[in-house]
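Trainee: Next come the chains, spelled out residue by residue.
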Amino acid sequence: NAGVTQTPKFQVLKTGQSMTLQCAQDMNHNSMYWYRQDPGMGLRLIYYSASEGTTDKGEVPNGYNVSRLNKREFSLRLESAAPSQTSVYFCASINAYEQYFGPGTRLTVT
Amino acid sequence: RKEVEQDPGPFNVPEGATVAFNCTYSNSASQSFFWYRQDCRKEPKLLMSVYSSGNEDGRFTAQLNRASQYISLLIRDSKLSDSATYLCVVASNTGKLIFGQGTTLQVKP
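Order-wise, the sequence lines are chains A and B. Under our numbering, think of the first position of the first sequence as 186, with each following residue one higher. Under our numbering, think of the first position of the second sequence as 141, with each following residue one higher.
For the record, the hints were derived by calculation from the structure and aren't laboratory data. Where hints are given, some of them may not hold.
In silico SDA-like cross-links for lysine to any residue, where the CA-CA straight-line distance does not exceed 20 Å [said to hold, decoys possible]: (1) B:Lys142 to A:Leu230; (2) B:Lys182 to A:Glu283; (3) B:Lys185 to A:Thr239; (4) B:Lys236 to B:Glu143; (5) B:Lys182 to A:Thr190; (6) B:Lys248 to B:Glu155; (7) B:Lys236 to A:Ile279; (8) B:Lys185 to A:Gly188.
Here the structure is a predicted model, which means the values were calculated and not measured.
Pulled out of the complex, with its shape left as it was, chain A reads as follows:
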């Protein structure tokens, strides 16, 4: 039982490049979330998916898209990366109110 996994762990992009962050959970949870964490800002919700086939915007969705591929997988795509998207990205799945987080992806955009 791996919990929540994320790939890659680290990534450096140039401005304008695109990439997809992958997230998978094996706990059979319905809801999955993408957050970004920046110094002094705490965790901010980018997008979430309450169930397979549905996605909704969170607090800071601009510049991102998501896909809930199936119950297990929820991916986050940056179509044209910007330096302001340099951050640590966490994926999480939820059971009742307990969120289980993946280990994070550290993304730097130069």
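We have chain A already, so just place chain B on it with the hints.
Mentor: Positioned in the frame of chain A, the structure of chain B alone reads:
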């Protein structure tokens, strides 16, 4: 004003000390409250839920004051291993979790 506010610290305390963190929230309709712990460069993990009557888990005590809209976390007999960032989390009436920016605790020998 942020929905959930915490003093970022850092709180520097000696081993064995008692330390308390507060957190305020702005949405009076908030339903549920939690403390998460985050170690440096790691993901957050649930430390404990916060119940209206207050609750204790070993050296940790959490309390909720709905009238004043704040929650607190008390750590007794601090250990070196308690050094971490403590995140206050509030579940809104829509079910979304709102995170505070965290309070950093450093326990010194």
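Trainee: Each hint: holds or not?
Mentor: For each hint, the structure was consulted:
| no. | hint | in the structure |
| --- | --- | --- |
| 1 | B:Lys142 to A:Leu230 | 14 Å, holds |
| 2 | B:Lys182 to A:Glu283 | 17 Å, holds |
| 3 | B:Lys185 to A:Thr239 | 26 Å, violated |
| 4 | B:Lys236 to B:Glu143 | 12 Å, holds |
| 5 | B:Lys182 to A:Thr190 | 13 Å, holds |
| 6 | B:Lys248 to B:Glu155 | 6 Å, holds |
| 7 | B:Lys236 to A:Ile279 | 11 Å, holds |
| 8 | B:Lys185 to A:Gly188 | 12 Å, holds |
Checked against the numbered hints above, the structure breaks only hint 3 and satisfies the rest.
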